[in-house]
Amino acid sequence: MPKELTYLEAIREALVEEMRRDPKVFILGEDVGPYGGAFGVTQGIVEEFGEERCFDTPISESAIVGVSIGAALRGYRPVAEMQFADFISCAFDQIVNQAATLRYRYGGRASVPIVIRAPSGGNVSGGLYHSQNPEAWFVHRAGLKVVAPSTPYDAKGLLKAAIRDDNPVIYLEHKYLYRRAKGSVPEGDDIVPIGTAAVRREGNDLTLITYGAMVVPSLEAADRLAREGVETDVIDLRSLMPFDKAAIFASVDKTSRALIVHEDVKTLGIGAELSATIMEERFQALDAPVMRLAYPDTHCPFASVLEQANLPNPDSIADALRNLAAY
Amino acid sequence: MPKELTYLEAIREALVEEMRRDPKVFILGEDVGPYGGAFGVTQGIVEEFGEERCFDTPISESAIVGVSIGAALRGYRPVAEMQFADFISCAFDQIVNQAATLRYRYGGRASVPIVIRAPSGGNVSGGLYHSQNPEAWFVHRAGLKVVAPSTPYDAKGLLKAAIRDDNPVIYLEHKYLYRRAKGSVPEGDDIVPIGTAAVRREGNDLTLITYGAMVVPSLEAADRLAREGVETDVIDLRSLMPFDKAAIFASVDKTSRALIVHEDVKTLGIGAELSATIMEERFQALDAPVMRLAYPDTHCPFASVLEQANLPNPDSIADALRNLAAY
Amino acid sequence: MASIKRTKFKLSGEQLLDMFYWLKLIRAFDERLSILVRQGKVRSGVYTGIGQEAIIVGTCFDLRREDYICPLHRDLGSFLMKGVEARQMMAQMFGKSTGLSKGRDSALHSGVPELGIFGNTSMLGANLPVAAGLALTFKMEKTDNVVVAYFGEGASNTGDFHEGLNFAGVNKLPVVFVCENNQYAYSVPVEKSLAIDDVADRAAGYGFHGVAINGNDVLAVYQSAQGALRRARAGEGPTLIECKTYRWHGHSEHDKAFYRTKEELAMWKSRDPIPTFTTYLQQLNMLASEKLAEIETRVSSVIDEAVAFAENSPDPDPLEATTDLYA
Amino acid sequence: MASIKRTKFKLSGEQLLDMFYWLKLIRAFDERLSILVRQGKVRSGVYTGIGQEAIIVGTCFDLRREDYICPLHRDLGSFLMKGVEARQMMAQMFGKSTGLSKGRDSALHSGVPELGIFGNTSMLGANLPVAAGLALTFKMEKTDNVVVAYFGEGASNTGDFHEGLNFAGVNKLPVVFVCENNQYAYSVPVEKSLAIDDVADRAAGYGFHGVAINGNDVLAVYQSAQGALRRARAGEGPTLIECKTYRWHGHSEHDKAFYRTKEELAMWKSRDPIPTFTTYLQQLNMLASEKLAEIETRVSSVIDEAVAFAENSPDPDPLEATTDLYA
Ligand SMILES: Cc1ncc(C[n+]2csc(CCOP(=O)(O)OP(=O)(O)O)c2C)c(N)n1
Ligand SMILES: Cc1ncc(C[n+]2csc(CCOP(=O)(O)OP(=O)(O)O)c2C)c(N)n1
Ligand SMILES: [Mg+2]
Ligand SMILES: [Mg+2]
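Respectively, the protein sequence lines represent chains Z, U, B and F. Mind the numbering: the first sequence is residues 294 to 620 in this note's numbering, read in order. Mind the numbering: the second sequence is residues 294 to 620 in this note's numbering, read in order. Mind the numbering: the third sequence is residues 4 to 330 in this note's numbering, read in order. Mind the numbering: the fourth sequence is residues 4 to 330 in this note's numbering, read in order.
To be clear, the hints were calculated from the coordinates, so they are not data collected in a lab. The C-beta atom is built at its ideal place from N, Cα and C for all residues, glycine as well. Check the hints yourself; a few may be wrong.
Said to hold, decoys possible - Partial pick of chain B residues on the chain Z-facing surface, computed with a CB cut under 8 Å:
1) Phe12
2) Arg46
3) Gly106
4) Arg107
5) Asp108
6) Ser125
7) Leu127
8) Gly162
9) Gln186
10) Ala188
11) Ser190
12) Lys195
13) Val214
14) Asp318
15) Pro321
16) Ala324
As the list claims (entries may be wrong) - Distance windows between CB atoms, simulated:
17) F:Glu144 / U:Gly368: 54 to 64 Å
18) U:Glu297 / F:Lys272: 37 to 47 Å
19) B:Glu69 / F:Asp200: 32 to 42 Å
Using the sequences and the hints, build the whole thing.
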C-alpha cells in the first residue's frame, strides 16, 4: 500500500529494494558508507547490507566510474554516487569514452550496466560548483541514457529502471527536490520505463515541456494562464535520453504551440534538440515557433539575488507562455 | 605577398608569427617539442624558439590545461596541444570548470587567455578514439569560445585571433584537412575575427550552414544542385561559439529554407542550437523546417565501409538539399 | 639534499608576536563564521580550519607579495596573510557585492592576482596543476618567487594531484606542496582512502623530497617551510610538506561529525597549536598579560569591523548575475 | 613481505618450450603486421611490441581462463596467450567483420569477457581503474582469481594511473600492475616525463610492493610474476612490477623514431629476449635443431593461416556502423 515519501526517501527505497532483490547491486562513492552520503540518501544501507555492498571510496571520481565499469563487466550492477553532479566532470572520460563506447567496440559482446547518481541543480545557494546541470553533455554522447525525475514516484521508479537497465545510465536527482518534493509512492516494483514522459496537466492551447525542478514552477505558471483562459499541456520528460517523442508530438499536434523550460543553460541545452526535432518532424503543425526559457548562458552564482535572477520561475514562465499564446 | 600553404602549414605559420610577435606565447603538449607533434604541426618551432617556449609534457592532459591556466594567470598566452581531440575528455574538468568559470568567479579581475589546439574529426580511418568531434560539449559551456576553420587562410587567421583573445579558446583543427586543404595565405596579420562566418557560395534558393571538413562536400553538393537549377548559399561558420547569427539570418531571410550539415553527431550537435535559434528568431521567414544532416548517433568505426556509411557526403548532402527544396 | 626538518631559522620578538596575532586572528575569523552560520547570516557550507591554523601561519609567514598561494577550501587564513582585508573576506562569505567575487561565491573560489592568490574551483586537487603552471612562469622569468599550494590528504587521491606534482617534479619547479592531513576527508578516515601512513611518501614518486611533520606546531611548520622555500627559491625544485593536524569542527558547519569519537577530538584539542605557542612566548617573557590583552582586543575589533562591513555592504546588483563571463 | 624477485619457481621442459613458442609467435605476429602495414593491407596505426615479448609471455604464462587481463596498445600478444585465435586477432587488425569488434576497430580496444580480456579505449591509464573494478569482484566473490594490468611508463603519469592504483591499494585487491618501461612515450624519453629512475617506486605511495626488473629476461619476468600472482591470489594485495625494456620499432609503424640513436637501438637489440632464452634452452639440450625448426614452422603456418583468414574475411556490413550501441 502506498505511503508518503520525500524524493530523497524514494531514492533510498529504490536502492534498498533493488539491493534486496539482486545481490549484484552495490553502491560506491564518497561518504556513502557509514555516513550515509552528503545528503543522507544512503543512510541505513550499510546497516542492512554491510560495507561490502555500500562502501566509501577515496576522492577519485574517475576511479569510482572506472571501478564501476570493471565490476559491471563481471555481471555486477554498481550504483556510483557523485557527491555533487558538478564533480562528474572529473569522471568525464570514463563515462563518455570507457562506458559509452564499450558495447559498440566489443561488437555487442558485452554491456555496462552502471548507474551514476548525481545530485544536480541549483536554487539551494550552492554556488558555481554545487548547482550544475550536466545533462546535455551526456545526452549528446551516444551510448548513454540520462534520466531526471521530478517526483518521489518517478525518483523510485526510474532508479529501479536504471539499475535494471543494461546500459550506463546517468541518474540526475535534483537536490532542491530532496526534501521539498513529497508524494505517495507504492511499495515494491512500480517501474517507470526509461523513455516515457508524463503529462502533468492537460490543456488544448499550449504545450510546455520541462523536467526536474522546473516542473512545479511550470505547473504554477500553467495554472495562472488557465485563470486567463489559456490551457496548457505540461509534459514532464523524466527521461532526457531517450526522450519521449511520441508524447511531445501528440501534444504539439493538439496545441500547435510549444515552450521548453529548463534549468540548464540555453545554448545547447536539451531544449535545443527538442526544438529542432519538433520543427523537423512537426513543422506543419506549428502555429508559432517553439520557444525556450532556460538559464542564461552563465554560471550559477551564490547570492540569492543573483541566483534568482537567473532561474526561471513562475513569473518568467507565465510570461513566456503568454508570449507563446499571443504569437 | 600570399603563398600556397596547406592547412597544417598555415597553423604552423600562425604559431611561429605569434611567437615572434609576443614573447608570452608558448606551446606545450605531448611530443610537440623536438619531434614536432604527432602530425608535424610544431616542426621547426623548437629550433627557432628553444624548448623553453615549445616543450614536451608528460601524458597528463589535465595538467597540460591546468598548467596553461596557471601560466595565463601570470600574463602568458599558452597554446596547449591535445595530441588528438579525443583526449580532451581527460582534461575536461580543467576546461569546463577551472578555465570557463575563472573570470566570472574572480569578479572580472582576471581572465584566462589560453588556446587548446585539438586535432578533431574523422574520415582518416582513426576509429573510435582518433576521430572525435568534441565541439558541442564546449559550445554548451558558458565562458569558452570554440572555432573550427576549414581553409588554410582561416586556420591561420583564426589561430592568431584565438591566441590574442583573452578568453579560453578551443581551436579544432580537422585532421582530414591537414594536408588535403591547400590555399593561398597572406604573410603576416590577416586576423579572422572570432564570431564571423564566411559565405563560400551564394544562392537565393537554399541556405546550407556547415563548418570544418563538411564545407568541401557541401560545396560540391551545392554545385550539383546548381546544375539542377537550385542555387544555394553555403555558409562556413568558422566560429561555433560565438556563432554568426547575422550571417545566418541574412541568408535565411533571403532563402527561407535552411539545412545544417555537420560531422558531429546529430543529437545536441550544434545543428540543434542553430535550428532552434533560427526558429525562435526567424520563424516567419521559414517556408520549410530547418533540416539537419549529421553523423548518426553512434561512434566512429575504423573500417572504411563503416565510417563512410556514417559520414555525410556530397550524395547525402545533395539529397538533403533536394528534400529541402522540394518541401 | 639538506634536511628540511633541521633547517636553521631565526625570528625576532616582533615576528613571533606577529605569528601569534595571525594564529589568533585566523582562529577568531573562523569561530565568528561558525556563529554567523548558526545565526543564518552566512548561508553557504562553511569549512572552518579551526585547529589547523599553525599550518597556514607557518607556511605563509615569510611569503612575498609576488609569491603565489593556491589555497583550498579550509585555508581562508592564507587569504588574510597574503593581504586580503578581513572585511573583504567577510563580505565574500556573506555573498555581498563588496566580496572578492561580487557575491557570486561565498567560499574561497575567487583569487586576487595582484596579491598572488589563486582561487580554485571546488574540485579538489584541481589547484595543483595550476600551481605548477604559476611556478613554471617564475622559472621562465628566472625570478626566485615561489608557489605554495595546499591540499588535504583526501585530495591527494585525485588524478590532478598526481599530474600536477609529477609535472612540477619533472620540471623542477619552485613549488611547496603543503598537505594538511587532518585525518578525515569529510567522513572518511585517512586509512580508508590511503594505504600508507604518510602522504609525504608520495613525493618519492615525483622525484622530490617529502616530509611529515607536526602541523599543530607553528614553529615546526615554519622551520620546514623555511627549508622548502629556500630550496624552491634556489631552483632546487618542489618539496612536499605533510602537516599532521585535525579539524575541530565538522567537515562543514552543517556536519555533526558523528563519525569520530569524543576521545579522539579531546586528544587533538589538547594539541591546540595556540596554547603551545602562547606558553613558548610566555617562557620567553614576550607575552605579558597586557600584550596578550592588546592582541586579543585588536583581533576582535578587526573581526567586529569586518562583520559590520559585510552586514552593511549592499547585495549584488542582479545584473551582475550574467556579467564578467568573457573578457 | 616475501621477496618477489627471489620467488622460487619450477618449469617443466614442455612449459619452457611453450614459453619459447609464445615468444616466437608474438614476435612473428608483430613482424608480419609491420609488413602488412607497409603493404597497405593493414591501415591503422599499428603499435608493435617487438623487443618486449618477454614481458607478456612471463606475466601471462600462468594465468587461468578466469583471470582477467587489461592490456594496452602494445600488448597484442596477451590476447593470443589468453586464448584469442591468431586468425581472429589478424582479422581484427584488418578491420574485417570476423574481428573482435566486427571491423569497428583495428587495434586492441575490444575485449572478450569469456576469456577474461578487457579491451581498453585509447585513453592511456583508463584501463587501470577498470582493472581495480574487475579485481574488486574477485575479492567480493572470495575467489583467488587475479587481474593483470599493463601500462607504459608514459601512462604512469595519467590521473587514472594514480586513482586506479590507489583504489587497488586501499582495498588490497588482487591485481598485478605491469609497467612496460620501454624508455619512451612516443618521442618523449622517460627522463622528460618522470623525475625518478624507477616507476616501481610509485607503488610505495599506494601501500604495496614495487619491483623493477629486466623485462627482456622471460625467466626473470616469470619469476617476479609468480611472486606477485601468488601474493594476489593469497589476498595480500597488489604488486607493481616494472619491466625495463625497449621497443625496436617506432612508436607506431608510421614513426621513423629519429629521436633515438642507432647505438641505443643496437644496445637494446643485443638484449633481445629470444636469443637469450634460446641459449638457455640449448644449454639444457631442450632445443635440438629439429625442435627449433618444428616450432618455427608451426609459428609461420599459424601466422600465414591467420593472414589468409583475415584477407578472405568479408568487410563488415555497412549496417553494423550503427548497431550494438545499446543493449
Ligand atoms: C573532485 C571533488 N570530489 C569531491 C568533492 C566533495 N568534497 C569537498 S571537501 C571533501 C573532503 C576533502 O577532504 P580533504 O582533501 O582531506 O580536505 P579536508 O576537508 O579534510 O580539509 C569532499 C569529498 C570535491 N569538492 N571535489
Ligand atoms: C590519455 C592519452 N593521451 C595521449 C595519448 C596518445 N598516445 C598514444 S600512445 C602514447 C605514448 C605512450 O607511451 P607509454 O605509456 O610509455 O607506452 P608505449 O607506447 O611506450 O608502450 C601517447 C602519448 C593517448 N593514447 N591517451
Ligand atoms: Mg582531510
Ligand atoms: Mg613507453
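At a threshold of 8 Å, is the proposed contact between Lys195 (chain B) and chain Z supported by beta-carbon distances?
-> holds (6 Å)
**Prompt:** Does the nearest C-beta of chain Z fall within a distance shorter than 8 Å of the C-beta of Asp318 (chain B)?
**Reply:** holds (5 Å)
Exercise. With a cut-off of 8 Å, does the beta carbon of Leu127 (chain B) approach a beta carbon of chain Z closely enough for the hint to hold?
Worked result: With Cβ-Cβ at 6 Å, under 8 Å, it holds.
- Holds or violated: is there a CB of chain Z closer than 8 Å to the CB of Gln186 (chain B)? With a closest approach of 14 Å, the Gln186 (chain B) hint is violated.
Would you settle whether the hint for Ser190 (chain B) is holds or violated, based on the nearest Cβ-Cβ distance to chain Z being less than 8 Å?
With a closest approach of 4 Å, the Ser190 (chain B) hint holds.
Restraint outcome when Gly162 (chain B) is required to lie within 8 Å of chain Z by C-beta distance: With Cβ-Cβ at 6 Å, under 8 Å, it holds.
Given Ser125 (chain B) was flagged as interface, is its beta-carbon under 8 Å from a beta-carbon of chain Z?
This hint holds: Ser125 (chain B) lies near chain Z, its Cβ roughly 3 Å from the closest one there, short of 8 Å.
Query raised in the report: Does the nearest C-beta of chain Z fall within a distance shorter than 8 Å of the C-beta of Phe12 (chain B)?
Result: Violated, about 34 Å.
| said: Interface hint check: Gly106 (chain B), Cβ to nearest Cβ on chain Z, cutoff 8 Å. Holds or violated? | reply: holds (4 Å)
Quiz item: Should the interface hint for Arg46 (chain B) be scored as holding, given a Cβ-Cβ cut-off of 8 Å against chain Z?
Solution: holds (5 Å)
*asked:* Arg107 (chain B) was flagged as interface toward chain Z. Is the shortest Cβ-Cβ separation under 8 Å?
replied: Holds. Min distance 4 Å.
Quiz item: Given Val214 (chain B) as an interface hint, is the shortest Cβ-Cβ distance to chain Z below 8 Å?
Solution: violated (23 Å)
Hint violations for this structure: numbers 1, 9, 13, all remaining hints satisfied.
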